[in-house]
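Visitor: Residue numbers (our numbering), protein chains in the order written: chain A, 1 to 565; chain B, 1 to 172.
Hints in this document: simulated from the structure, not taken from any laboratory. Computed from a prediction, not measured in an experiment: that's the story for all the values here. There may be inaccurate statements among the hints.
Calculated lysine-lysine pairs in the BS3-like style (CA-CA distance at most 30 Å, straight line) [to be verified]:
#1 A/K421 with B/K163
#2 B/K62 with A/K459
#3 A/K464 with B/K33
#4 A/K157 with B/K33
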Amino acid sequence: MKRLFVLTTLFAFYAGGISAQGFLKGGQVHGNFEIDAQYYQPDDKLGITDSSLAGKVYGMNAFGNLIYTNGGFSAGLRYEAYLPPLNGFDARYEGQGIPYWFAGYQGDKFEITVGHFYEQFGNGLVLRSYEEWALGYDNNFNGARIKYQPFDGVYLKALAGTQRFFWEPYEDDNRGIVKGFDAEFYLNDMIPGLREKKTRIVLGGSFVSKYEKAKTKSILVDTTRYVYEFPENVAAMAGRVNLIHGGFNLVGEYAYKMNDPSAMNGFIYKPGEALFTSLSYSQKGFGVTLSAKRIDNMSFKSGILEQSNALDINYLPPLTKQHLYSLPTLYPYATQPNGEMGVQAQLVYTIPRKSKIGGKYGTKIEVNYSKINALEKEAVEPGIPIDSTGTLGYRSNFFSFGELEYYEDLNIKLSRKFNSKFKASVSYFNMKYNIDVIEGHPGEPMVYANIGVLDMTYKLDYTKSLRLELQGLFTEQDRGDWATVLLEYNVAPKWFFSIMDEYNYGNPDDDMQLHYYNAAVAYVLHSTRIALSYGRQREGLLCVGGVCRQVPASNGFTLNITSSF
Amino acid sequence: MKKAALLLLATFVAIIVFSQEEQKHKLPSVEIKNVNGIPFNTSDIDNDGDPVIISFWALWCKPCIRELNTISDVYPDWQDETGVKLYAVSIDDVRSSSKVLPFANGNDWDYEILLDPNKDFARAMNVNLIPHMFILDGEGNIVWQHTSFAEGGELEVIETVRKIAAGEELSQ
Chain A
1 MKRLFVLTTL FAFYAGGISA QGFLKGGQVH GNFEIDAQYY QPDDKLGITD
51 SSLAGKVYGM NAFGNLIYTN GGFSAGLRYE AYLPPLNGFD ARYEGQGIPY
101 WFAGYQGDKF EITVGHFYEQ FGNGLVLRSY EEWALGYDNN FNGARIKYQP
151 FDGVYLKALA GTQRFFWEPY EDDNRGIVKG FDAEFYLNDM IPGLREKKTR
201 IVLGGSFVSK YEKAKTKSIL VDTTRYVYEF PENVAAMAGR VNLIHGGFNL
251 VGEYAYKMND PSAMNGFIYK PGEALFTSLS YSQKGFGVTL SAKRIDNMSF
301 KSGILEQSNA LDINYLPPLT KQHLYSLPTL YPYATQPNGE MGVQAQLVYT
351 IPRKSKIGGK YGTKIEVNYS KINALEKEAV EPGIPIDSTG TLGYRSNFFS
401 FGELEYYEDL NIKLSRKFNS KFKASVSYFN MKYNIDVIEG HPGEPMVYAN
451 IGVLDMTYKL DYTKSLRLEL QGLFTEQDRG DWATVLLEYN VAPKWFFSIM
501 DEYNYGNPDD DMQLHYYNAA VAYVLHSTRI ALSYGRQREG LLCVGGVCRQ
551 VPASNGFTLN ITSSF
Chain B
1 MKKAALLLLA TFVAIIVFSQ EEQKHKLPSV EIKNVNGIPF NTSDIDNDGD
51 PVIISFWALW CKPCIRELNT ISDVYPDWQD ETGVKLYAVS IDDVRSSSKV
101 LPFANGNDWD YEILLDPNKD FARAMNVNLI PHMFILDGEG NIVWQHTSFA
151 EGGELEVIET VRKIAAGEEL SQ
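Put together the whole structure using the sequences plus the hints.
Guide: See the structure below:
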């Protein structure tokens, strides 16, 4: 009812605007939309039958955005429809409506937004709301936000709101309220003496508080019944620094969260901690980045019982490379919010053009290494098992790596343009993947995989090109060996054709040694793209940024239409 | 609730209809960061009256990197001929935003690199898929946009930039 009131008020506001032509003068409207539809076919080999499809032979996800701006004023909305949601999207999305609308004004030193908004404090360790359409992820805030710049170099933000939970309207018993404050100080702009200094220093701090009406939960240990006392207010805070000097850039953020027992951490009362650091150096032709992080009991949601990809208040970035080819993405890493230690190094170098090794156009080298382990955990007290619900859970040394390995990945890519018509790249990946922990397949052994990719592009003439990808993945575990062939024929800038076959020839189950074939065509006109594909989709984990979506195996037609205007 | 939503939608349609004046789109003003993490307002994207290319990309987007590498080979020629400047806006989130500058430098790119780690600018520009490229004329009007990339796609880009540099009207 409250929402209805707000919407009506907003409507009246706009309607008033229409009659007053002055309001519209200089106004601009633009937007975009996307329709993703699938038609599913039965496929005995994939175990998809008429009864498993249960009548849901079509799926469609669609959205449309409209934004109106006029000087400092802007307003917008997004309509979404999931009729029904595509396979692999949360079934709670089924339906349609307007989950995002806002009105805002931006002045010289301030900005105010009411309605829905996305926000990130620092690196997101204590607060980040964002959306990833491809993953069905959206944790936008519904409330109000103010940004204010009182002096040069000082940026303040404050917000309060509730988060999107599929289509469910806010009730005080289905999620909490989030309030946050963030300040960022660019010292070189604030202090006259530092203005001309070569070293730039940025400091920042955030405070976030979640209020959630206490629920009760009791457990039986032996014959005694214990009743949990949940904190109604959970505070989290973070401090960060950014130092820039010449080609060097250092980023660091430390976050602390007060006790926050939840379904995610097994209802332990330990405070949470996170550290995220990155040091990079680069100059023309060369760049290197070293990163490290620690995550300790840092899941932070505005719903104490929520365990799915929803109601996240913060964001815990994975320290692994997001792979670009299809077989390496078979084993993607997802941050373990309850605890992990990670390091990553990345190097990019261009062997100069016209040198002996570099060739006429230069040769590019990329090397990336990441390693993620569990935390080292000790019992809080002798006799109480680690992670016991209702206790402080465990003790852990801040700087030590646990023995349990989650993920390791070393990969190297060389790419070179040989002449005006031909270029190629070759990549090698060596991966260790704890499928038990990352995908929640208890008891499955660690996956050791070697992967090779050859990617070649040949230009037939100015706008026509062929691209061929050959990929091989070799492992003794999981689904065994794979080979992939992808051939693209493109006529720039409008036509894209491709055929692809992923062949799981090494599957230990002979019946599952399948070809996952796919053919696709896409037509692009300026900012409109229409794509149609037909084929099999292998089961897998699709990850973008920090969240992943389990994609079930399917067979059928897919249609995507996107447009911006 | 549904009724209110419909009303809102209807209002927007009305606004579109009523506001179809002969007017070109300007860049929205969004506070993002430059490649070093220093605040940058997108309304400050400027090239002293010469054309501007804005390309949305990310480290995880293969065609984006192909596009930027392809243009990189001819960029000095493009600049000499038309004075164009390319802003490459990375939508990588904090997972990899600190790797953007080393990657761009390592690849020997001469572009202005901007960071949009929470996609505020991309959202304001209605970017669905990347690569998504915009071309601005000398007055800062958005006069052309395109999504996707294949080898040879850069030819249409430079053709468009040449027309703008020569003061021709575009009919997109």
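Visitor: Work down the list of hints and note, for each, if the structure agrees.
Guide: Status of the hints after comparison with the structure:
1. A/K421 with B/K163: holds (27 Å)
2. B/K62 with A/K459: Holds. B/K62 to A/K459 sits at ~18 Å (cutoff 30 Å).
3. A/K464 with B/K33: violated (37 Å)
4. A/K157 with B/K33: holds (16 Å)
Violated hint for the displayed structure: number 3, the only one.
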